[in-house]
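Colleague: As given, the protein sequences belong to chains B and L, one line each in that order. Residue 137 in our numbering sits at position 147 of the first sequence; the count goes up by one each step and never skips. Residue 53 in our numbering sits at position 63 of the second sequence; the count goes up by one each step and never skips.
None of these hints come from the bench; they were simulated from the model. A couple of the hints might just be wrong.
Partner residues aside, some chain L positions facing chain B, computed with beta carbon under 7 Å [as the list claims (entries may be wrong)]:
id	residue
1	D1
2	N20
3	L37
4	H40
5	W73
6	G75
7	I85
8	R139
9	V145
Each residue gets a CB set at the ideal place from its N, CA and C atoms; glycine is no exception.
2 protein chains.
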Amino acid sequence: MKVVVILAHPDKGSFNHAIALTCINTLAENGHQIIFHDLYDEQFDPLLCHSEFYKKARLTACVRKHCEQISFADGIVIVHPNWWGQPPAILKGWIDRVIRPGVAYEFVGGDKGEGVPRGLLKARSAIVFNTSNTKSGREKRAFGDPLERIWKDCVFGLCGVRVFYRRMFNIVVASTERQRKKWLKETAGIINRYYPEKSRKKPS
Amino acid sequence: MKVVVILAHPDKGSFNHAIALTCINTLAENGHQIIFHDLYDEQFDPLLCHSEFYKKARLTACVRKHCEQISFADGIVIVHPNWWGQPPAILKGWIDRVIRPGVAYEFVGGDKGEGVPRGLLKARSAIVFNTSNTKSGREKRAFGDPLERIWKDCVFGLCGVRVFYRRMFNIVVASTERQRKKWLKETAGIINRYYPEKSRKKPS
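Construct the complete structure from the given sequences, taking the supplied hints into account.
Modeller: Written as structure tokens, this is what we have:
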């Protein structure tokens, strides 16, 4: 399987980087093809300009490459911190520019944008790993945990990705090394569950 | 009153620009001091880097200016389209960089980030205008309308801004000029309600 892994955290020593590395290593061990983007490291330009709005827009080589990769992906893994119930701006811009009409979705009917969209992504599953410094109960109660519906419904649901799993690790700032190791083990387990070894036979 | 108006849309001919202009004109007519930022026009850099994470970080002159302005604002008006249940990346980056610890909030207790935040903004009210090409019912049902809690709770609630009002205009792409004029009249009415004429006496 081709799996796209997208990471958005500015600190190379971050736990987000450790999560992404665990995903990559586990996917590689399982024999999958990995397309990895560390958006900060690559200095991805997150600004959608007006000329890129439309389906037939001329795209930069960088955006074109991202669009091709996401089109052909069998699986998608996203890793980012919870900043204000949303992804960091660089990843928001990746959504704005790469999850495009004609690539990730299209409109049924008039195609003027007011219709109901139809998903075009062929990926069967998307996994989102988040880090947070807010307790789960408070995140839900005080803030409504917007990231859940943003990724599950606004992005992947709309684009036709049926299987969705999200794991928010918290509280990272106060975590011990032991706890983080446990979380990375859990990360590998999640990847194994959704993207198992290629040669592994299904039980008969 | 000092009112900060933040606009995020790449097309100068957009309805978002018309909304922002209506806000500015109405605020000016009512005798308020306006601090206006068209983030796309100013090419605001939305990328929070690691060195900016901490309270005592060295900030760029641009971010420092934004922080001072938001600190002293009595009112805040935000204008942006609904892109994936979130603001455009440029505005997400404005949140990431300007709504900072020590400026907009601080942590009670250990101040290591795992505590409960306390709002520091002195603005008494924040108004958010959104445009959308999704019907309100579908936005709530299919996507959960993440923008409501993002702005109301994740951002302004956390930062101590008690009065919040949001208006989503839809469906913009299929709207008539008459409809848009009506919406701009409504925009002016909302501004008049929250930021009335300075000299207007309260009814005795």
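Colleague: Indicate, hint by hint, whether the structure satisfies it.
Modeller: Here's how the hints hold up against the structure:
no., hint, in the structure
1, D1, "holds (4 Å)"
2, N20, "violated (30 Å)"
3, L37, "holds (6 Å)"
4, H40, "holds (4 Å)"
5, W73, "holds (6 Å)"
6, G75, "holds (4 Å)"
7, I85, "holds (5 Å)"
8, R139, "holds (4 Å)"
9, V145, "holds (6 Å)"
Going down the numbered hints, you'll see the structure goes against just number 2.
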